[in-house]
Amino acid sequence: MLILICAAVSLLTPRFLTEKNLINVVRQSSLNGIMAGGMTLVILTGGIDLSVGSLLAVTSVFAAGTLVDGASPTQAILVGVAIGLGFGLANGLIITIGDVAPFIVTLGTMTIARGVALIYTNGAPIVTANADFRYIGRGSFGPLPMPILILLIVYVLVYLLLNRTTLGGYLYAIGGNQEAARLSGVPVKVCKTIAYAISGLLAGLTGVILTARLGSAQPNLGVGDELDAIAAVVIGGTSLAGGRGGIIGTLVGALIIGVLSNGLNLMNVNAYYQPIVKGAVILIAILVDRRVRATSAA
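With numbering that gives the first Met the number 0, letter number 255 in the sequence shown gets 254, and the count goes up by one each step, no holes.
Check the hints yourself; a few may be wrong.
As the list claims (entries may be wrong) - Computed Cβ-Cβ distance ranges for the label pairs, DEER-style:
id, residue 1, residue 2, range
1, Arg181, Val67, 43 to 53 angstroms
2, Asn162, Met0, 19 to 29 angstroms
3, Leu286, Arg163, 11 to 21 angstroms
What the hints assert, rightly or not - Taking lysine to any residue and the SDA-like style, the derived pairs with C-alpha atoms no more than 25 angstroms apart in a straight line are:
id, residue 1, residue 2
4, Lys19, Thr165
5, Lys19, Ser9
6, Lys277, Lys188
7, Lys188, Ser295
8, Lys188, Met145
9, Lys277, Gly236
10, Lys277, Leu21
11, Lys188, Val222
12, Lys19, Gly236
13, Lys188, Ser215
14, Lys19, Tyr171
15, Lys19, Leu159
FYI, nobody ran anything at the bench for these hints, they're computed from the structure.
Source: prediction; values computed, not measured.
Glycine included, every Cβ here is placed at the ideal spot set by N, Cα and C.
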């Protein structure tokens, strides 16, 4: 699908295949990709995290506010990431200990986080001018822009977690059959809580990078970004029912979303029509996923 979309877009607009634009596509996809990395862990367990877009906003404004108050860039980054981790941990604990559906819990924290961001900023943007802080959003490490380098590091770590650790095996087992996993001794509550905590942490990291890239933070950042993250995971082949998928597929899914957005912009497609195209791709991916599962079961 990624190759076909790239081929179609390159035929429709010659500007797509330029080196500058391709780097820009990957850079833009990196933010959604980082957030989708955490979402992959959650969906593998059969859950969902609707709060990540709002977590991006609340971590963004707190990181920017901390920096404006005189903290160092490192402290601002740690504050943002810690807030994301805290919200993610709260999601996991309420879901597992409170035995509440992930959809309901993360819908609630989505609203709470957005409200906290609005209260903290009073609805106004926070401008940051610290060059060291903005390096993680705009700088480069050799030929690689920093957001892309961070994306690669995150994906290597998540890949190792899923494929080289006991926790990764447990997450697949929980998504495949939670009751069977519990009966076989898998610490289901602990594993699910860790998955949501990592999802929150990566949403916080995404918020910090976006703030550094834009040079400002505002409470309306991240609106709808949770849907792009879910789309990247599902398009990448991770089943919404849990138990099947992987982080490499999520990377491809994030690139598909990025290429679609970039291609539609280059072709000057009206912004109102762009969500329709994205939604159609998501529906096609889900239908293909159901067909593959039905064929496998047969």
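Here is what the structure says about each hint:
For Arg181 and Val67, the Cβ-Cβ distance of about 47 angstroms falls inside the hinted range of 43 to 53 angstroms, so the restraint holds. Here the CB-CB span from Asn162 to Met0 is close to 23 angstroms, well matched to the stated 19 to 29 angstroms. Checking the proposed 11 to 21 angstroms range against Leu286 and Arg163 shows it is violated: the Cβ atoms sit about 33 angstroms from each other. For the hint linking Lys19 to Thr165, the alpha-carbon distance of about 41 angstroms lies beyond 25 angstroms, and the restraint is violated.
Restraint check for Lys19 and Ser9: satisfied, since their Cα atoms lie roughly 14 angstroms apart, inside the 25 angstroms limit. With a C-alpha separation of about 34 angstroms, the suggested pair Lys277 and Lys188 falls outside the 25 angstroms cut-off, and the hint is violated. Restraint check for Lys188 and Ser295: not satisfied, since their Cα atoms lie roughly 29 angstroms apart, outside the 25 angstroms limit. Simply put, Lys188 and Met145 have alpha-carbon atoms about 35 angstroms apart, too far for the 25 angstroms limit, and the pair is violated.
Taking the CA atoms of Lys277 and Gly236, the gap is near 16 angstroms; set against the 25 angstroms cutoff, the hint holds. Straight-line distance between C-alpha atoms of Lys277 and Leu21 comes to about 19 angstroms, which keeps the hinted pair within the 25 angstroms bound. For the hint linking Lys188 to Val222, the alpha-carbon distance of about 29 angstroms lies beyond 25 angstroms, and the restraint is violated. Taking the CA atoms of Lys19 and Gly236, the gap is about 29 angstroms. The hint is violated against a cut of 25 angstroms.
Of the supplied pair hints, the one linking Lys188 and Ser215 is violated, its CA atoms being roughly 37 angstroms apart against a limit of 25 angstroms. Between the alpha carbons of Lys19 and Tyr171 the distance comes to roughly 38 angstroms, so the proposed pair goes past 25 angstroms and is violated. Between the alpha carbons of Lys19 and Leu159 the distance comes to roughly 31 angstroms, so the proposed pair goes past 25 angstroms and is violated.
When the structure is compared with the earlier hints, violations turn up for hints 3, 4, 6, 7, 8, 11, 12, 13, 14 and 15 and for no others.
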